[in-house]
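Student: Here is what each chain is made of, one letter per residue.
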Amino acid sequence: MKYVDEFRDGEKARVLIGEIESLVSGMKLPEGRPLYLMEVCGGHTHSIFRYGLEGMLPKAIELVHGPGCPVCVLPMGRVDDCVAIAENPKVIFTTFGDAMRVPGSRKSLLQAKADGADVRMVYSPMDALQLARRNPAREVVFFGLGFETTMPSTALTILQAESEGIRNFSVFCNHITIVPTIKAILDSPGLQLDGFLGPGHVSMVIGTAPYEFIANFYRKPMVVAGFEPLDILQSIWMLLKQIAEGRVEVENQYARVVPSEGNNAALRAVAQVYELREFFEWRGLGSIDHSGVRLRDAYVHFDAERKFAIPNVRIADPKSCQCGEVLKGALKPWQCKVFGTSCTPETPLGALMVSSEGACAAYYQYGGQKRQAEVV
Amino acid sequence: MNFVPFVKTRTRGKVNVSSVTLAHGGGGKAMKDLIDDVFLTAFGEHACEPLEDQARFDLAVFAAHGDRLAFTTDSFVVDPLFFPGGDIGKLAVCGTVNDLAVGGAVPMYLSCAVIIEEGVQIDLLRQVALSMARTASQAGGQIVTGDTKVVPRGACDKIFITTTGVGAIPASLALGVDKARAGDAVLVNGLLGDHGAAILCARGDMALETPIASDCACLHELIGAILAAAPGTRFIRDATRGGVATVLNEIADGSGVSIEIEEGMTPIREEVKAFCEVLGLDPLYLANEGKIVVIVPPDQAEAALAAMRRDPLGLDAARIGRITSDQDSRVMMRTSFGGHRMVDMLVGEQLPRIC
Chain A
1 MKYVDEFRDG
11 EKARVLIGEI
21 ESLVSGMKLP
31 EGRPLYLMEV
41 CGGHTHSIFR
51 YGLEGMLPKA
61 IELVHGPGCP
71 VCVLPMGRVD
81 DCVAIAENPK
91 VIFTTFGDAM
101 RVPGSRKSLL
111 QAKADGADVR
121 MVYSPMDALQ
131 LARRNPAREV
141 VFFGLGFETT
151 MPSTALTILQ
161 AESEGIRNFS
171 VFCNHITIVP
181 TIKAILDSPG
191 LQLDGFLGPG
201 HVSMVIGTAP
211 YEFIANFYRK
221 PMVVAGFEPL
231 DILQSIWMLL
241 KQIAEGRVEV
251 ENQYARVVPS
261 EGNNAALRAV
271 AQVYELREFF
281 EWRGLGSIDH
291 SGVRLRDAYV
301 HFDAERKFAI
311 PNVRIADPKS
321 CQCGEVLKGA
331 LKPWQCKVFG
341 TSCTPETPLG
351 ALMVSSEGAC
361 AAYYQYGGQK
371 RQAEVV
Chain B
1 MNFVPFVKTR
11 TRGKVNVSSV
21 TLAHGGGGKA
31 MKDLIDDVFL
41 TAFGEHACEP
51 LEDQARFDLA
61 VFAAHGDRLA
71 FTTDSFVVDP
81 LFFPGGDIGK
91 LAVCGTVNDL
101 AVGGAVPMYL
111 SCAVIIEEGV
121 QIDLLRQVAL
131 SMARTASQAG
141 GQIVTGDTKV
151 VPRGACDKIF
161 ITTTGVGAIP
171 ASLALGVDKA
181 RAGDAVLVNG
191 LLGDHGAAIL
201 CARGDMALET
211 PIASDCACLH
221 ELIGAILAAA
231 PGTRFIRDAT
241 RGGVATVLNE
251 IADGSGVSIE
261 IEEGMTPIRE
271 EVKAFCEVLG
281 LDPLYLANEG
291 KIVVIVPPDQ
301 AEAALAAMRR
311 DPLGLDAARI
321 GRITSDQDSR
331 VMMRTSFGGH
341 RMVDMLVGEQ
351 LPRIC
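So the protein lines, in turn, are chains A and B.
Going by this note's numbering, 173 is the number at position 173 of the first sequence; the sequence numbering is gapless.
Going by this note's numbering, 150 is the number at position 150 of the second sequence; the sequence numbering is gapless.
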């Protein structure tokens, strides 16, 4: 594939790995532990496992799989709300595919569908709007989910619905923002992280400037990284180079896609449609201030949260789940006490086991059994 | 007194309406007309012995082909019914022929049970029946018995078909999922994932247009050629639902061995790769309807590959990996990037990722 295969070149990878090894060998490492580098984004986690990058890196580097899978951080109560809306016989409930398996306290959307709810998988919010046009007698609800990556497309769909005067379409808004989340991780007590691989897709929208506080205030280096394996290796090399040279900066490896100022049109749509919530609940991380958005009052007629009666009950994560520790990098997925036993991709207890971008599911699918064997 | 002369061959019924109604499943004249007009017309005279409740065979016919009877059944549901490269009728025959052929059996007779949703167009049903008959004839098999049921609108999705097949396995063959040994070669007969990608595109709900057609085909001749060229062949299985990844895991499990495959050697069409990239799917798990995984001793791998490549259905045949001595029943892939990853059984169905 043009413009893709170039970033999957094994020869170039070997050269980069060699340079990473020589950088690491000349560095002063933290005492008694490897260098912990967190990839914030679930897309990076997926690529790291898919290409077997962890096994190629020197042992002195350990990748920590962060909170950037929006499906994984969805709290159980919000899934219950989705199910409640979907079970309304007037509703066609539309969602991205991997959100269908996330467990609620009673059932997932997939189970609700099996029980008779009209739940349909779509590939974009515009597909949901099209369903609304074709089904004027039904209410079509789109499950708005994801970071700044998907936020603009939901906003633009709402603006489109507004311009067409469509009134049987609404959004159950669960969009979240990345910056407060990184801040919450950096504020976690006892956290040991030496640098961040910044999320490429999110940064395409917000640019690189919003991350400056990570370098300036928390003194941690960050490199905004692309998703191909060579992107990730090069970003790791750039992070190590900063650490080796004593620099703490926000750098942009993914400049071919990410403009430092972000995407103005997308940001305008986001600002027009959403406002920050005071706080938003995250699975495993608890409530994080200003980490979620809701629709502004001007778009209340598109807000499923205000159109439908929803339980809106906060449901605690299962006690045995250690998703929070894994999300913050304090535990490796295979160190969680239920990993691979009562929590598997088939019967996920924790959300990290649901999506292929979730660290636990990725470990389980691409290497979990090996890690398990090491533990045993 | 005038006697009506005794007529041994019964008169054929004729359907005079455009769509199937519940009457066509009622057991009366409408049903007889449907069977006569649509199915018996398509399947031919050999199937036209409907006055008995079963097809009857001379056992000597089977014995001439082998010493064991192979017997298999499968149900086919697909949306849409017609897609680039095939239709539900072709799929229903190829699937069962292939299930016989992968065990080394010579496919001989098929049954066909059809569940039809009220309202289905008779012409559409006719096209499906003709497609089944044409495919069975190409495969050297015959559809000799069948059943039709009509269910109310909404009780099934247009047409469901179940086909059952019988064949005979030559005495010299003993293929088995437990027979893979360390060092054996893992082969496939061509580009993987075409059927799964073609069906997803044909559904038309993702606004992607691709030229990908299903690989739906009967593989009995190709398999015959492999077995002739590589008589030590250990095991063959068609990589349908769950794709090649699932078959490899079944072999690893069944034989208590591990398998290492090479991403760079695994043949996948560029369009399928791109399609999977866009949707976040893995082509190793996409369904195929004309692809097999073949395990052969290493010294017969080249002969088996050459035999496959001589067949039009094996032009892109490739050696994708080998059985290793590791007994943990794992399937590993050496990525073209130089890393390793596990290729586990698929959990549930593949769902496109959010971003």
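In case anyone wonders, no lab produced these hints; they're calculated from the structure.
Just so we're clear, the structure is a prediction, and the values are computed from it rather than from any experiment.
Don't take each hint at face value.
The calculated DSSO-like cross-link candidates involving lysine-lysine, where the alpha carbons are at most 30 angstroms apart (straight line), are [what the hints assert, rightly or not]:
#1 A:K113 - B:K29
#2 B:K29 - A:K12
#3 A:K241 - A:K12
#4 B:K149 - A:K113
Student: For K113 (chain A) and K29 (chain B), compute the direct alpha-carbon distance and say whether it is at most 30 angstroms.
Tutor: With Cα atoms ~40 angstroms apart, K113 (chain A) and K29 (chain B) exceed 30 angstroms; violated.
Student: Would you check the hint for K241 (chain A) and K12 (chain A), treating anything up to 30 angstroms between C-alpha atoms as holding?
Tutor: Measuring from Cα to Cα gives roughly 18 angstroms; hence the hint holds.
Student: Are the Cα positions of K29 (chain B) and K12 (chain A) separated by 30 angstroms at most?
Tutor: violated, 73 angstroms
Student: Within 30 angstroms, alpha carbon to alpha carbon, are K149 (chain B) and K113 (chain A)?
Tutor: At roughly 27 angstroms apart (the allowed maximum being 30 angstroms), K113 (chain A) and K149 (chain B) satisfy the hint.
Hint compliance for this structure: hints 1 and 2 are broken, all remaining hints hold.
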